[in-house]
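Just need the whole structure built from these sequences, with the hints factored in.
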Amino acid sequence: MNEIDDDLLQRAHYWMRLTRALDDRGTFLHKQSKIVGGYFSQIGHEALSVAAALSLGPHDIIAPMHRDLGAYLVRGLTPRRILAQWLGRETGVTRGRDANLHGMGDLSLGIIGFISHLPASTGVIAGVAHAIKLKGEPRVAMCFFGDGSASQGLAHEAMNWASVFKLPMVIICENNQYAYSTPLSRQMAIEHIAQRAAGYGMPGVIVDGNDFVAVYRAAREAVERARAGGGPTFIECKTMRMRGHAIHDNMAYVPKELLAEWEARDPIARIEEVLRARGLLDDATLAALLARIEAELDEAQAFAEASPYPDPATLTDGVYA
Amino acid sequence: MTWDQGLHKTTTVLNGEQGTRELTYLEAIRAALRFEMQRDARVLLMGEDIGVYGGAFKVTQGLIEEFGEDRVIDTPMTELAMLYAAIGMSFEGFRPVVEMQFADFISTGFDAIVQFAATNHFRWRQPVPITVRAPGGGGLRAGPFHSQSNEAWFVHTPGLKVVAPATPADAYGLLLSAIRDPNPVIYYETKYLYRSLKGLVPEGDVPVPIGQAVVRRSGEELSIIAYGAMVQEALSAATVLEQDGHSIEVLDLRTLKPLDETAILATARKTGKVLIVHEANRTCGVGGEVAAIIVEQAFEYLDAPITRLAAPDTPVPYSPPLEDAYRPNAAKILAAARELLAY
Chain A
1 MNEIDDDLLQ RAHYWMRLTR ALDDRGTFLH KQSKIVGGYF SQIGHEALSV AAALSLGPHD
61 IIAPMHRDLG AYLVRGLTPR RILAQWLGRE TGVTRGRDAN LHGMGDLSLG IIGFISHLPA
121 STGVIAGVAH AIKLKGEPRV AMCFFGDGSA SQGLAHEAMN WASVFKLPMV IICENNQYAY
181 STPLSRQMAI EHIAQRAAGY GMPGVIVDGN DFVAVYRAAR EAVERARAGG GPTFIECKTM
241 RMRGHAIHDN MAYVPKELLA EWEARDPIAR IEEVLRARGL LDDATLAALL ARIEAELDEA
301 QAFAEASPYP DPATLTDGVY A
Chain B
322 MTWDQGLHKT TTVLNGEQGT RELTYLEAIR AALRFEMQRD ARVLLMGEDI GVYGGAFKVT
382 QGLIEEFGED RVIDTPMTEL AMLYAAIGMS FEGFRPVVEM QFADFISTGF DAIVQFAATN
442 HFRWRQPVPI TVRAPGGGGL RAGPFHSQSN EAWFVHTPGL KVVAPATPAD AYGLLLSAIR
502 DPNPVIYYET KYLYRSLKGL VPEGDVPVPI GQAVVRRSGE ELSIIAYGAM VQEALSAATV
562 LEQDGHSIEV LDLRTLKPLD ETAILATARK TGKVLIVHEA NRTCGVGGEV AAIIVEQAFE
622 YLDAPITRLA APDTPVPYSP PLEDAYRPNA AKILAAAREL LAY
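Residue numbers (my numbering), protein chains in the order written: chain A, 1 to 321; chain B, 322 to 664.
Everything labelled a hint here was simulated from the structure, so no lab data went into it. We treat Cβ as the ideally placed atom computed from N, Cα and C, and that holds for glycine. Keep in mind that the hints are not guaranteed to be accurate.
Each pair of labels, with its calculated beta carbon distance range [what the hints assert, rightly or not]:
hint : chain 1 : residue 1 : chain 2 : residue 2 : range
1    : B       : D361      : A       : D282      : 55 to 65 Å
2    : A       : R186      : B       : P397      : 22 to 32 Å
3    : B       : F466      : A       : E90       : 45 to 55 Å
4    : A       : D317      : B       : F466      : 24 to 34 Å
5    : B       : E617      : A       : D24       : 47 to 57 Å
6    : A       : K135      : B       : Y374      : 19 to 29 Å
7    : B       : E617      : A       : S108      : 34 to 44 Å
8    : A       : A313      : B       : V373      : 45 to 55 Å
9    : B       : D361      : A       : E90       : 28 to 38 Å
Here's what the structure looks like:
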């Protein structure tokens with residue numbers, strides 16, 4: 001059992017609070033029409049994205065998706081670069097070429113940018129893990145996909161590949177109950193996606209995705225197992241998408257009781273309970289942390305808004321390497 | 322034995338190629354793979370049945386014995402995961418060469434190529450140096466799903482390069498270039514030529530640059546623009562026409578993306594009559610793009626409408642009379658050329 005020390009818990013709390021504050025700011029900027037196109041809120045996913053990313057070492061590779069904002073932040077993508085990405089600026093991660101969190105790859109930070117065709121990155125991460133194994137390096141590759149992706153053929157192909165070649169790979173499955181408007185019951189005829197892991201010959205673990213400590217322990221164990229040559233692990237994080245698929249979606253199709261149930265399991269409230277119980281957090285320190293985060297985001301937003309848009313003359317740059 | 326054993330009735334031996342050894346088209350591909358694997362430890366091969374079995378057509382025969390199973394990887398039957406895995410391997414510094422067994426099966430892995438690999442450098446500036454070998458084309462009585470020429474799908478996709486060698490020397494040199502290119506390259510090799518075409522091939526480090534067409538035969542009256550298996554057919558037709566007193570130029574495109582516009586325009590301006598030939602079906606095929614380039618930039622040089630000779634818009638049929646009706650060949654090129662010469 002990996003014990004969760006105070007320092008880790010406090011760092012995780014910062015990242016989770018930063019994730020939610022940045023997400024709130026994104027929603028606000030979209031309402032101001034400063035962010036154009038779609039916007040995908042990650043509210044409810046802070047524990048799993050931050051815990052999974054914190055379970056990795058600096059040389060490991062991660063492939064998050066559109067609701068894993070916390071993972072990008074933990075790996076070192078700054079709010080400056082992310083806000084500039086959302087605002088379509090030249091200083092954004094993709095220099096205005098891609099939208100939302102899409103394509104926010106930076107191998108110097110060990111991050112692979114994703115495409116909308118989920119779970120594409122699961123196949124890519126299988127290749128990364130395969131390469132790591134061929135090189136004999138003590139590194140791990142981690143990908144994320146959701147309950148909707150679980151119905152895609154590639155999820156099967158990539159998990160099968162990972163097991164056949166016994167790769168150092170960790171699959172974080174964020175089961176947030178809905179793929180756009182499609183509920184789990186229309187996605188699969190089984191109760192847990194993790195049941196499928198047995199069919200690929202890998203361990204399938206089910207955790208409460210809103211509990212930082214539970215996700216971290218499971219992810220850490222899987223990462224250590226992969227690093228030691230034990231092969232891939234599938235971790236199903238049970239969670240809830242607390243907003244619509246994207247900002248335009250009022251998710252009238254989600255029962256109010258279900259949302260209320262998950263509201264009571266808010267991941268940030270839960271880590272703060274643990275912190276308070278350990279004497280690591282009180283109202284004053286929380287207020288100070290939130291003020292620090294708001295100042296950080298104010299500065300980042302100012303940077304992004306002062307950044308230039310991409311020059312249309314550069315439109316065709318980068319089509320080829 | 323391979324399943325296509327005995328289907329190649331004749332062997333053409335090319336004259337005039339520069340090289341030191343005579344190889345079949347298939348042997349030239351294997352020689353290129355071997356040369357790159359010896360030269361660069363980052364190069365590895367992936368595919369179904371390519372290792373222990375040596376490949377459905379035996380292109381990779383002997384390579385697993387020489388390079389081991391870490392560099393000649395027999396995979397599950399899973400083109401999509403294979404192509405995505407190749408992308409991931411490239412991020413870790415490898416140069417994967419993925420065999421599709423048949424070009425027809427590339428559709429199974431379409432997303433990985435056109436959505437991920439093709440867009441990646443544009444989006445976050447990370448190159449994807451992978452090569453996808455696509456054994457394409459018909460004439461082997463292999464039916465609708467082992468005969469396709471689907472290169473136009475990829476020519477239409479920004480971010481990809483597409484090559485289609487017509488000779489053993491180009492099969493060798495273009496594969497060296499494809500593997501070294503920092504972009505995803507779809508390498509269309511012509512199954513029909515595997516054992517039916519022999520020619521001299523250079524040894525060693527002699528890549529053929531991507532993006533350069535070559536004049537296979539110089540002439541004055543008519544240009545035939547072709548690629549892949551149709552180059553030999555065009556040359557056969559040109560030989561007959563020469564006996565009739567005509568002077569025919571044959572341009573081998575070699576690279577389909579990016580097209581060599583300079584060479585296309587040069588031959589169109591020189592002869593004023595253009596016949597474009599490809600094995601793929603007509604609509605939105607490469608020939609349409611070649612014709613558009615000529616019309617846009619060399620219209621005033623034309624003495625006749627541009628003619629496209631392509632397969633009809635049907636799946637590739639199995640039965641010999643049907644496939645013969647489907648697939649362009651020297652006789653059909655001859656007829657189309659005579660019509661154009663008489664215009």
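Are there hints from earlier that the structure breaks, and if so, what are their numbers? 4
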